[in-house]
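S.K.: If you want the building blocks of each chain, they are given just below.
Number of protein chains: 2
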Amino acid sequence: MSLIVQKYGGTSVGSVERLRAVAERVARYKAKGHQMVVVVSAMSGETNRLIALAKQIQENPDPRELDVMVSTGEQVTIALLSMALKDLGLKAKSYTGAQVRILTDNAYTKARILSIDEQKMRADLDAGNVVVVAGFQGVDEEGNITTLGRGGSDTTGVALAAALHADECQIYTDVDGVYTTDPRIVPEARRLATITFEEMLEMASLGSKVLQIRSVEFAGKYKVKLRVLSSFGAEGDGTLITFEENDKMEQAIISGIAFNRDEAKITVLGVPDRPGVAFQILGPVADANIDVDMIVQNVGHENTTDFTFTVHRNEYAKALDICRKTAAQIGAREVTADDKIAKVSVVGVGMRSHVGIAKTMFEALSREGINLQMISTSEIKISVVVEDKYMELAVRVLHHAFHLEKAA
Amino acid sequence: MSLIVQKYGGTSVGSVERLRAVAERVARYKAKGHQMVVVVSAMSGETNRLIALAKQIQENPDPRELDVMVSTGEQVTIALLSMALKDLGLKAKSYTGAQVRILTDNAYTKARILSIDEQKMRADLDAGNVVVVAGFQGVDEEGNITTLGRGGSDTTGVALAAALHADECQIYTDVDGVYTTDPRIVPEARRLATITFEEMLEMASLGSKVLQIRSVEFAGKYKVKLRVLSSFGAEGDGTLITFEENDKMEQAIISGIAFNRDEAKITVLGVPDRPGVAFQILGPVADANIDVDMIVQNVGHENTTDFTFTVHRNEYAKALDICRKTAAQIGAREVTADDKIAKVSVVGVGMRSHVGIAKTMFEALSREGINLQMISTSEIKISVVVEDKYMELAVRVLHHAFHLEKAA
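Quick mapping for you: the protein sequence lines, in order, are chains A and B.
Numbering-wise (this note's numbering), the first sequence opens with residue -11 and increments by one.
Numbering-wise (this note's numbering), the second sequence opens with residue -11 and increments by one.
Just so you know, these hints were derived from the structure itself, not from any lab.
Some hints here could point you the wrong way.
When chains are identical, the list treats them as one kind, so a pair holds in a single copy or across two.
As the list claims (entries may be wrong) - Derived pair list, reagent style DSS-like, types lysine-lysine, alpha-carbon separation capped at 25 Å:
1. 18 to 306
2. 328 to 306
3. 79 to 43
4. 98 to 313
5. 209 to 74
6. 98 to 79
7. 98 to 43
8. 98 to 209
9. 98 to 74
10. 394 to 306
11. 79 to 313
12. 377 to 108
13. 394 to 328
14. 43 to 74
Just so you know, these numbers come straight off a predicted model, no measurement behind them.
Throw the hints in and build the complete structure from the sequences for me.
M.R.: This is the structure in structure tokens:
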């Protein structure tokens, strides 16, 4: 007998039929003797409907009240799923975030989980209940309702698995696992049986939006065994995300090719090459709450250097505006920018111990005449920025160059 | 400075525009220096939408889960109203039933309020906040969400007023007060400036559905000053419901004419005239959860008597079926029944000290040739059952006979 936490997103509970399908899957696991905790999101479309309603009242809805409102979405789903489970003859009990005291800080709309009181759930599980918990929400020390921000239901699932020392946390989504790359771009892309947390973090932040990054970090911190599966179609094994490299029996050098065309790059040219300049450029950007992804600065020449970074395209205009002001203040020569770019990365824990990955990568891209605008590396990935029209070609070329279509 | 509790029903908060109108009225009261607590229902249609969704999953939705689900309706409204108040520059804070610990028993879907923790609200009020509370819902001792049943938001309003020792509890609805009778039947019907609790109870239970009966009982028990007002159109004084007869300065003999055509009557003829027979007849009806309204039994003759009672028309067939079985068991002669009836009542605390009310009533009805099928009296009302086609005529005749079109 295992204790399994399953998390279902909005599309998996988006209709009465789908809710029934979820209940049936939970029942199959229960029939095998497992203790089951199920975390659900709001039915697809519901959160957006509520936010739109709030915006009719207040252009910028008060965050405390927005959380009170938006949290009703999951509250409806937990009740419906519990009813569906009871309809199958199972014992089930629903809980809001406040009811199982998912204690968070008081940062409304983007709260962080501090602790979970697992006693009530434990007693219910021991009494044979399926415990159904609202994802995405919690309560602060004063009893105010909070939400964890978009995708927060994944984090709820992982946090519950950690608190209950669950044997596995299963995240059900609309894909059946993590692939070597997007099958829409490379038809030979292959589902990975396992992937390490670090790779998953790189894959997620690079645009393979299977799991919310924060939930992966959380799982890594608390060593929760995380599995991504599909809630549609046939039941497969999905992809297991492991927290130790050794868990991965057959170590591949490269696990996958990630990509992202949501970014834009901004370059400040002729920056005085002196300490503190990077801070002077990025400080105002950060103050404006703009997330920066890649940052590249090369060695200077003639006492100046060039400083390049990428931001989300939605924040491109705002960031550019800020940088032009900063450039004038610090005496930089010029600001150039480009939003027709794409980032392509090869990811794999195996590359740590293998030289030559960069060589293979750059060689494959150069053979196709794809110019590299930026290069950035970490322990387990190499990212390049290319003109966006070359993105799909680059992904296909790299997938083939590293033989990802074949099992490791 | 007074502390005022205002309660707004579903139609009063049924749209963004109406929510804004409510916020504006609250702001006007706040500007006069009052401390304000506002209780709101779910937006009109929302509760029914949620129940319909639940019924798609479970034909008879699990009551605990139904309450979890249905309570989201008010939760959305409190957030929206708080946003609307903030949009007007006011300080506001919303609370669910659980958050202000409206403690109830655990009778899901029809829970009763046991206590309210008013400390949090008091602190918020003292800090200048408008406190917005979800009506209709509470929480049991174990933290489970409960609802008070249909119309329960009125009860929440009165209970909060009692807990906070509010100066007045204002119930906003779609009528601007309690009338001497339904103006659609008698155009000269007049709004009453005051009415006593006892009269209001009779008026409500007799079909003048302005307020939920339970909230009126509650107000009487805790001596809450209750006022019924309209949330639409011009601001009037509504009708003040007083808990002491002396509060009513100009004592009218009769306050109003109530009526009800939702009932049906069942008569068991030739019942053996012996102790316990009334119990034998009504016991099985009560066991089937059928509410009985009027009960009339006249003196017997030749060792038998006739026993008549009325039930809601929806339960007429079921009650009739039960009575036929009972009649056979106890050796009664026959069961007759009629669902083409209406009940008409004159109500007024003044009739206690005035003889001749019955005479005036019966005389007026007989002048129109209206036959009385049943008569039943209490301290402050006289009810008659007539053929339903005469109901409107009877109401008009009685309204005129007691000069209700003129102020007392």
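S.K.: Where does the structure disagree with the numbered hints, that is, which hint numbers, in rising order?
M.R.: 1, 4, 5, 10, 11, 12 and 13
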